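Going line by line, the protein sequences match chains X and E.
Sequential numbering of the first sequence, starting at 1, is according to the working numbering.
Sequential numbering of the second sequence, starting at 1, is according to the working numbering.
Hints listed in this document are in silico derivations from the structure and should not be mistaken for laboratory results.
Quick caveat, the model's predicted, so the values are computed rather than measured.
Quick reminder that beta carbons are idealized off the backbone N, C-alpha and C, glycines included.
One thing to keep in mind: the hints can contain errors.
[To be verified] Here are a few chain X residues that sit away from chain E, every Cβ distance over 12 Å (derived from the structure):
{"hint": "1", "residue": "Gly-22"}
{"hint": "2", "residue": "Thr-359"}
{"hint": "3", "residue": "Asn-436"}
[Claimed, not checked] Distance condition first, Cα-Cα at most 25 Å in a straight line; then the derived SDA-like pairs of lysine to any residue:
{"hint": "4", "chain 1": "X", "residue 1": "Lys-281", "chain 2": "E", "residue 2": "Tyr-319"}
{"hint": "5", "chain 1": "X", "residue 1": "Lys-281", "chain 2": "X", "residue 2": "Arg-255"}
{"hint": "6", "chain 1": "E", "residue 1": "Lys-708", "chain 2": "X", "residue 2": "Ser-17"}
{"hint": "7", "chain 1": "X", "residue 1": "Lys-288", "chain 2": "X", "residue 2": "Gly-417"}
{"hint": "8", "chain 1": "X", "residue 1": "Lys-13", "chain 2": "E", "residue 2": "Asp-682"}
{"hint": "9", "chain 1": "E", "residue 1": "Lys-708", "chain 2": "X", "residue 2": "Lys-146"}
{"hint": "10", "chain 1": "X", "residue 1": "Lys-411", "chain 2": "X", "residue 2": "Asn-272"}
{"hint": "11", "chain 1": "X", "residue 1": "Lys-414", "chain 2": "E", "residue 2": "Ala-852"}
{"hint": "12", "chain 1": "E", "residue 1": "Lys-686", "chain 2": "X", "residue 2": "Tyr-8"}
{"hint": "13", "chain 1": "E", "residue 1": "Lys-702", "chain 2": "X", "residue 2": "Pro-21"}
{"hint": "14", "chain 1": "X", "residue 1": "Lys-13", "chain 2": "E", "residue 2": "Asn-596"}
{"hint": "15", "chain 1": "E", "residue 1": "Lys-708", "chain 2": "E", "residue 2": "Val-687"}
{"hint": "16", "chain 1": "X", "residue 1": "Lys-13", "chain 2": "E", "residue 2": "Ser-524"}
{"hint": "17", "chain 1": "X", "residue 1": "Lys-13", "chain 2": "E", "residue 2": "Ser-565"}
{"hint": "18", "chain 1": "E", "residue 1": "Lys-843", "chain 2": "X", "residue 2": "Gly-417"}
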Amino acid sequence: CVDTLDDYNIDPKRPLSGQVPGTTLVSSAERSLVRTLVSSSVNLNPFRLYTQYWAETTYFDESIYDIKTRNINGGFWTALYRDVLRDLQEARTIINANTDPTFDPKVKANQLASIEVLEVYAWATLVDTFGDVPYSEALDFTKAPKYDDDMVIYNDLITRLDRAIGQFDVASEGLGSADLIYGGNVKEFVKFANSLKLRLALTIADKDQAKAKTLAEAAAKAALISSNEENAAIEFQSSNPNTNPLFEDLVQSGRNDFVGTSVFIDKLNMLNDPRVDNYFKARGGVYKGGVYGTSNNYASFSAPGAAQESATHPGVLLSYSQVEFLLAEAVERGFAVGGTAKSHYDNAVTASIQEWGGTTAEATAYLAQPTVNYLTATGDYREKIGTQKWIALYDQPVDSYREYRRLDYPKLTKPAGALSNLPNRFPYPVVEQNLNAANNSAAAAAIGGDNVDTKIFWDVR
Amino acid sequence: QNREISGRVTDAANGQGLPGVTVLVKGTTTGVSTDSDGSYTISAPASATTLVFSSIGYSAVERVIGNASAINIALATDAKQLGEVVVTAQNVERTRNSLPYSATQVEGESITKARNPNFINGLSGKVAGVTIRQSNSLGGSTNVLIRGTKSLFGNNQPLFVVDGVPISNANTNSSDQQTGRGGYDYGNAAADINPDDIASTTVLKGAAATALYGERAANGVILITTKKGRKGLGVTINLGATAGRIDKSTFIKYQDQYGAGYGRYYEDPSLFFLSRDIDGDGVKDLVAPLSEDASYGGRFDPNLNVYQWDSFDPTSPNYQKATPWVAAKNGPEEFFKTALTLNNSISIDGGNDAGYFKLGYNNIRDKGVLENSEVNKNIVNFAGSLNLTPKLTTSASINYTRVDGKGRYGTGYGDGNVLTNFRQWWQTNVDLKEQKAAFERTGQNKTYNYSDPSDLSPIYWNNPYWVRYKNYETDSRNRFFGNVAATYKVTDWFNILGRVTSDSYDEIQEERNAIGSVGLSSYSRFDRTSREYNYDLIGNFSKNVTESFSLSGLIGANLRRQYISSIFSSTNGGLVVPDLYSLTNSVSDPLPPTENETRIGVDGIFASATLGFKNMLFLDLTARRDKSTTLPSQNNTFIYPSVAGGFVFSEMLKDVSWLSYGKVRANYAEVGSGASALSVFDVYSKVSTFDGNALYSVPNTKNNPDLKPERTKSAEAGLEMNFLRSRVGFDLTVYQQNTVNQIIPVTLSTATGYSSRFVNSGEVRNRGVEVSAFVTPVKTTDFSWTLNANWTRNRNEVLSLYQGVDNIVLATYQGGLSSNATVGQPFGSLRGSDFIYNDNGEKVVGANGYYAQTATTNNVIGNPNADWTGGVSNTVNYKGLALYFLVDVRHGGEIFSLDRYYGLATGLTPETAQNNDLGNPSRNTIANGGGVILPGVKADGTANTTRVSNTNYGLYGYLRNPASAFVYDASFVKLREVSLTYSLPTSIVSKFGAFKGVDLSLVGRNLWIISKNLPDADPEDALSSGNLGQGYSSGSFPAVRTFGGNIRLSF
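Just chain E, same shape as in the assembly (with noise of 0.2 Å):
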């Protein structure tokens, strides 16, 4: 007589029901499938034991019957399970043991632990073989390079796809920006994504796993798969909210003793002060060196009376008075607010057997650490699908983002970033609450810096809190992706989809420069416009030929069509009304605005067969032709192929008990790609009009008639075992790729008449190792703990260039630094010039005492890239509470700071305002004890003995030191992520009636740095995305330390 059971089978990780699990009597082929909410009844014979519940991606578990008649189950889920679905290139779902390539893929769920805002951000220490660098600004780009830089002027960056639309992931940030020149980083518009929509993210790494999309696959494809409609109708509310502060081991220190001033050289006796007669009796008073933005003045002495930049102003309680001259109570460390984030979001989906659908709405508002700096940033998602017959389906989904930007940080050097006046060029007795006082009561830009006590223009800086408040940039963004799509099922093994997707954005960026600033004012605008159409035409099949062979394969189309448009405008010569901020409000008449417009066509066709044998041998063949536009018509079709295989040899050896798994995997794989637009005729630059005549310019670039497609060569190889049931196992993969035929600008000497010129040449290898691995040393009902980490080293090498050349210069960078591709040197090197070194490797110090400098400025100086990248998280599930950490680890690699090599001239930090080997104050004069004997030795070898001054300013930075002085080691240990959950247990959740799970979650980003050797910054802190600006620091924001928490409510 059989026997009812019933129950319901839950998900372990959110208490939530659990559609379709398999609930199967063991030893029978009697089962059921659990339904929308996971519940099940089965009748189970007599003789019954034991159920078995299983389910795609959670471990399966074994329950005794015994006498119950009721069993209810929650199901872990189980990221290294075999049959583990992931998804590949055109979405084609496959068994992870079928793969014969590298492929990742990172939960949703792992992504959004932090609560990061940019879902890039939250991959970062999580994947071998993808380096991510954050930018510590607000709303700032993230760098993301798979397996290293492959084209040395071409984009890097991996292609985003999102449920099989490609979305843009460009910057728009201006080279000027990227190499540290001043300017906003508007962010890169990958981060327009709502975390909490995202199911799973699949990094696609080499070209054998990416060669289906074609050109723009070179740099491998995260693809990521946004949550679908489960039945039933559920809703998911993240409330959540952090809070930061910067990290001081990221900020400069400051020297206490001495204020304003380059040195011995002004008005009074003293020669530090200037000598007017500022309260008009007859007599010369003392008065700081209002002008100057160094700190190598006057020694601080509270008993000397000094007319600072606050006795000039009449709203002051200090004006027209002299104040002690003395150390700031309050340096520029008090400029950083509390950062907050409000990140909130909810997911309404629901469906049946007809279809599904799903909406979400995620709002992130977030306010940095400079004053008047926030980003607001909303997205609706929906999405859904209808299957109008058993063999037609139709789906349409839309994003639409929008996000607003008012106050991002400035960046690099210039006096739109703060961080350059306060790391660079600063006055150490200037009193940062002062400043905020002075602006807040008189509206005005009282700075620190004025002109001259009888010229109270700013000369060099701002006030910093008028900068923040009247030179604020705003920007926004308005975007639209998604497709509609349609799958017919022809047969039970074939089916066709008709897909068009598109990426629409239009931007607006307005930059200001107040009336009263520094520099002339201003207003600039930049309108631009971005739209990418997709239309695919996908065949799809799948047979078991025979018991053993398996045949699966794509045949497809696909035609894109991208168009950018943007326009620059600019007033002339000053503003007119202030704080009006319009075109028309400009001086002069404004130029003629800059115009650009590309368009881009590339039309492709592929095609793909898996050979599988046995669910033990695979065999993946692909080809692609794409026809681009950007090319010259006879050279406008490439075609290039894949070839990948797999053996999981683990299945011939099943009577290994320790063995769990194991495959072995190798591929080869060609991607062609095209060259940016507008790269093959030549046109004139308009120079100006001069009194009514235009002037026109050849272009610096030469183009190229003749362009070829760069192409990239990529062969891998992998192993991956498991044992001991899956406790522990790795994954290793080495790769090796050349991208050859660069479509470069290769850099001519301008005696030439250009600075570089498109050419088809050179060849860049990459080569690496990328190791992942996880145990799992506890595993009971109630506690586990799961380790995983990754590694990976990647080596770069420039093969050749061109011709006769072997040294491109790829960005130059202020202090005579510049980043190359040199043959036989990793991409970027650094060059510079170098101090001169004996043979015993002894600094040399000239006759002058000062060292001793290469008269050239081509030394190579460092390398910007990391010798290895890690990470190493940690799991630890107790009942309803889960404990995660991750530790993101970076070695090696070099990095320029030009905050060092000014900060340290002018007399900013500690090590310039020391105790010389006299035991006297280095800074006094070597009359007077003063001075200092570089460590170093002589042309002849013996140690160096000649004193030289510290009085003025610049004995420790640029002015006598060669660029190398400052290059310092880029590795970091950080502990990047820290969460808490604790899911409230189902018994208490139900109670409250509707709600299927209650998670609260304190986390934590960026707690700690734990080792670092850059001082007084963050060593990741980058400019922008892109190739330009790697290895270099420049107005380098401090890191922020984000503690929060987030309450996730499902019904």
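Chain X with its partners taken away, still in its complex shape (with noise of 0.2 Å):
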């Protein structure tokens, strides 16, 4: 009788809670960060369309930001908090509970420090792109959790992430090969954390001047990345399921959705740019950009390159030119991190040619264009810092869509029949206002309405 079928509940095709090593759990929410990062998905991330690097082809709606049709905003706040979050939250509880008395402290240390730092990551990523959001009880399925204010998120997150950095031990193991960034190693995994601590203290440096300086030059006196072989990447794999989105937007769907725009490619036209042609196809021998926010004819215009078409292509979450545009920011600001404002863009943009496959001569020679030159070119060190970040930043569409709104440039117009403004942020996901609405409701009244034209608390200009 069924007393004693006990087992009939018990799932035989599945581990129990608590039978998977913790470290399995952090290359899963690992490889959810980096392809939610990366993704040119028109249900999860639109950023490489309000960056204005592409032109939808025919269905232009998420160009002129339609958000709600296809969910969007929920579609990336759920692979951040369910499938990159929640996972790491349980890694570090399996690692917790580990009292095998051969797993080595250090390395334990060593494993809930990554843990950390991923985490940081992505709440940072939430906050720069919701504003509030709920943090202090989030992940806790039996609350609804009220949202946190933006700032102090923020603060918090700085302080959890120094307190990381301070319990690693770059002599002992860490992740290991679950580690699918640096596969292990301690002492690069620093390097991203410090670098990340730089990245946080340069966004909130327009908020709050002496907190970022502080951070900056503590973090510029710890090792940073150093080299594009340092940068915080995944290298994906040839066969599916670990291709790079991109490859499976771009070349396994055999859609023909996206072509440069001719906002970004103008630019690089003018500029001479040597990634231009690592950056898009030729078309006609020329590279030519499509209208944003409206359809473009394909085989009119250059479409996304040879790299982002490969199923290998590196999906980034920190790189060394990023950390150089960084600090040379840090130095204009009158921050003491060391070198100049000039040699920092130098390396910055020298690496990001050569992140894309090309020369220092190249390097060298786009430099030296007055136009490009960092004492030459036009504007203020937001200005020559913000267009050759955004330049950069191609393959890092977070990351641009929020160097964009915090340098404020380069100056991007929204088109013509655009549904709203450009947006400054995500709005909040639907659910949310049935499924939180008190706690929803408050935090849209806390940031000044949920609309796309309230400011992240660090877009204070």
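Fit the two chains together into the complex; they arrive one by one in their own frames, and the hints show the way.
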């Protein structure tokens, strides 16, 4: 009888809670995080459109900021909370619960610190995209979580990141091969953590210059990502399901949904940018962009380049080029991070060109042009760094979208027929209005309206 | 002196002899029964004047004897006969007047009248309280709902029981398929029954009627009783064929003025065409924008020659030739063929005092309206019973079904469904017959939808013939169900039944995407095994305690064990060798298959008692206790009772001549049900393996170790009255069912790390009225006319969900639409974006000239539940001729059309190419007098005056309109079934020697949609059975009008 059938309700095909190594959940979280950030799926990540790298060919809904139809904001939110942060939380629980005496406490500390760094990265991405979000009460299925103030979250993230950095022991093992980013190289993971700290510092610089200074200077004293080889990135693989999501959208789908925009390609052409042939395919021997925000005939314009079509193209969380741009900006803001703005800027541009297969000679020639040369290019540091950073972050759309909003360069305009202004943020997912209504409306009031025009706390200019 | 009278009693419906008819000399106790072929001989006293012929289920007939020595009688069935025996829960046969709850019996004859190969569809419109929604796809599943949706996330389909064997009615359709994201509808498993083997079907609706079946009976039970062998030997043969054509009112009508393109932005000076040198003369030629799957392109002009898709095919007569830019002569309506169904069956039965047997075979070959589609069904059933001793009877039955499908229709949205292509994304210049010729000529995917003149790979859509002939699915199911039983008669008032039943099937579904198709080539297979065993021990007793009091009842135990195991595997990264469909033919190593295994065990004990007083007052009591493995052990036992009473008040009014029968009844019952298997303990999902590292993830749904059973509380009251010698009558039922403690995966803010979590919470109420009525205006020996009608109104409301939660998303659909359970709303309310209306209810148009839309997508924009449903059938008999027709009505409810959402945007339908208020083609540029002023008002309340362009795509479709613009009334009135049957008179049949009866029928199904409001589609067509997809129409299949004939021969 039923009393003897206790095992009937145990899934014979899946491991029960606690039965898998915690590191397997870190791997899954890393993969989900990178895929979310580099995807070009119109259901998930429209930021290559918002930053006007790409235009759509026939169906231009996302280019005119139609967010709700495909619930893009919901897709992005869910990917980060459910598929990244929840798995990282579970990994921490499992690793913490591991009382095996042979489990080296230093390895354990490194694993937990690595999880912390990845969590900070994911949380910061949520704040940068939505503003106030559920944080202190999040990841608890028994609660409809309240939303926390975006700046308060950021401050806590910085504290957590500092603590994690202090917890690393570079002489011991970490996540091992389960770390899909560094393959268990703790030293490089620490550089990633410091570089992330530098990024967070400059993100809040317009809002809290003093705090930014302290943080940036501390980060610059530590080891930062110092070459493209040290980029925080996942090398995707040649076969499904581990291919770069761009390959899935651009090649495997058989669709021709995207071409470069005239805004971006005209700029590359004007600056004789050596990356143009890596970024795009030539059309009739030239590089030509389509009109952003309306339909474009695919055959008439330059489509995304061969690198992006490669299944194994890496997906980047934080690059050396980015670090150097941050340092250049730090110098301009008067932070004692060493070097000059020009030297960091030159390093950043060179790293980016090399990242895309360009040579040092190409970089030198490029930088020598008055339009590119830091000393002669037009505008203030925001414009100079903003413009070159925009070009360099072509394959990091989420970073690019943040830097565009923060530095206010390049100057982008919304297309005719747009449903709204160029978004400063994503509205909250519609399910939050239904399932977490009281907290959601409180958050909407706190940030000054749940719409695309509301700015994130650090976006004060 | 006595005299002998002999003769034969036959069934008026089929001329067959009726055994066991009581022949009584009126006013005496002298009587005999007819023998196995209906013959009798009675020795009547000289004083006898009249014989009375009576049999349960037939109208009694009196005949004056006069001088006759031979009297032959044909008895007509009387469905309204009060002594009618109804099969109720646990196969207890009871007279209708003793039932204290609503139970509707439908004779097998009535189900098979229109020769529907799926017997469930044959119930449509015939039973009050039962809503049946058929799919128009070949072999597709049928949704059956009795008294509304009760469980928000659980199964709401009734339990099907065949001669005591619960049989699976599962469908294996994925939730993606059910929410319109592509895939095939593999049908539902209860359709594996031979319709010609059904003697009768009883629909038990409320919990009081079903409680003995335990936890699965909360949604009602459809009890099927198969035919029993009769005395003597009988053979019945049915030979039938039907043909079907699509109902054009349910297919899209195209505009015929503009061809391929999305607007004015291509390469030539007109900006409507590509401009390439195709013939190599150095001059650029006009080329149709091949890659575009819309018809917002250049205006048709017979004098304009354009290189079209066929000019790139070296085998085409138009190779490298430009052809006139005109609307296609043969549009997609030419794609549909004549459907053909052959439905043949034979049954042999026989019996004597020691027992009976029957053997049936049914073959249904069903070819659909789409190319290369076929479902074949072979059903063999055998049953036998043997009276081993006067006290011990043993019986066994077995049904074997084999279903083979090939080329079932792709459903929903996707390149597997040609209807998505035809209704949503199409080039009106493409001639279907030329697409067919190109495919037949080359065997290749010569699509009209190439990526580019320089890249002849398909971009969005394949050649539709390629889809049907290369990317077809195949499936098969082998199934056995049956039982072995023994009944031991302990005394004349007590017997014990022991029974083992089994329903066991294995199925495989294989899907293909050939090399050369849109998307990655692939092959996948899904293997599934389903087993269910029931072990029953039931004691039945029935005793008249005193002359006035009767007591009957049963006590029993049931052990149920279910086991379902499945494995899904697919190639990875494409196929290597063309046309080879095996997992090893995978470009990359296939990913590990997905394995699922669920086991359920339920132990039930139950008892019931019926007390009767003078055949006038009846009281039923039942109780059942279930113990289910699906619940945590501390909560796995649940007990539920029922109480029901009936009062046949006409027994006290016997002198009221116009009242033939009157009964009131009332009952209350509860039924508990367990959870879905594996909802208690948390597990991890394997994501994949990345470079040698295993990846695990926390699943999206949080399980719950504290689940309790869900419970349905049901109350019902009814009134049955017949008048004027039962020529007119009605049966009225009112009911309310509240399903509480629902086991729901309550949707969570994903900020919790989960999408949903299983909880016990929420309450759904269904309340309604069911009426069935009949009238027989004319009834003579030769001519009768009967009208049956039924009407059902169910009101469903979600009363509560979960603390702080007033809405749960049940499903999301393409089109920014979701189906929801919202407190205060009916199940499945549709939410999406809406127009903005001013205080006068006028649509507000924004400054840009387009309709203003809500920023949110959680506005309630539709209710998919019908206001009421009903059916009216007419039966006219004249001598051997019987005319029958059934009108099936659904009133109210709403449906969202994704076909319109996209099809209007892409300029397929005529309203996208109308002239504007200036009398100019609206598709002209605004500068050239075109454009449209949308009806509506500006924010200040004055009429909109802003002209917007209709030159590029989108004005009428999804791009510029909220989801609510595509919500339509889902009402329909259908002429569902028609049959005209001629039974050859016995006098002629008898001349053919062996024949006992010959019936010739003409049948028709779905011949005419008398009224509907959903443009270009059938509002009834469903993606799948089940809770999902209600009120959502995408890639919808046209209705098929079916005509045919059937010959029934009995020997």
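Results of checking the hints against the structure:
Some Cβ of chain E comes within 12 Å of the Cβ of X:Gly-22; the nearest lies about 9 Å off, and the non-interface call is violated. A cut-off of 12 Å between C-beta atoms confirms that X:Thr-359 is not in contact with chain E; the least separation is 30 Å. In this structure X:Asn-436 is not separated from chain E by more than 12 Å, as the shortest Cβ-Cβ distance comes to only about 4 Å. For the hint pairing X:Lys-281 with E:Tyr-319, the CA-to-CA distance comes to about 30 Å; that exceeds 25 Å, so the pair is violated.
For a cut-off of 25 Å, the pair hint linking X:Lys-281 to X:Arg-255 stands: about 16 Å separates their Cα positions. With a C-alpha separation of about 21 Å, the suggested pair E:Lys-708 and X:Ser-17 falls inside the 25 Å cut-off, and the hint holds. Between the alpha carbons of X:Lys-288 and X:Gly-417 the distance comes to roughly 23 Å, so the proposed pair stays at or under 25 Å and holds. Between X:Lys-13 and E:Asp-682 the alpha-carbon distance is near 12 Å, which keeps this suggested pair within the 25 Å criterion.
For the suggested pair E:Lys-708 and X:Lys-146, the alpha carbons sit about 29 Å apart, so the restraint of at most 25 Å is broken. As the CA atoms of X:Lys-411 and X:Asn-272 are separated by approximately 20 Å, the hinted pair is consistent with the 25 Å bound. Restraint check for X:Lys-414 and E:Ala-852: the C-alpha separation of about 19 Å stays at or below 25 Å, so the hint holds. For the given pair, E:Lys-686 sits about 21 Å from X:Tyr-8 by alpha-carbon distance, which is consistent with the 25 Å threshold.
As the CA atoms of E:Lys-702 and X:Pro-21 are separated by approximately 20 Å, the hinted pair is consistent with the 25 Å bound. Proposed proximity of X:Lys-13 and E:Asn-596 is supported: the alpha carbons are some 7 Å apart, at most 25 Å. Annotation: proposed proximity of E:Lys-708 to E:Val-687 is violated, straight-line Cα distance about 31 Å (limit 25 Å). For a cut-off of 25 Å, the pair hint linking X:Lys-13 to E:Ser-524 stands: about 20 Å separates their Cα positions.
About 10 Å separates the Cα atoms of X:Lys-13 and E:Ser-565, which keeps this hinted pair within 25 Å; it holds. Between E:Lys-843 and X:Gly-417 the CA atoms are separated by roughly 20 Å; this keeps the pair inside 25 Å, and the hint holds.
Comparing the model with each numbered hint stated earlier shows that hints 1, 3, 4, 9, 15 do not hold.
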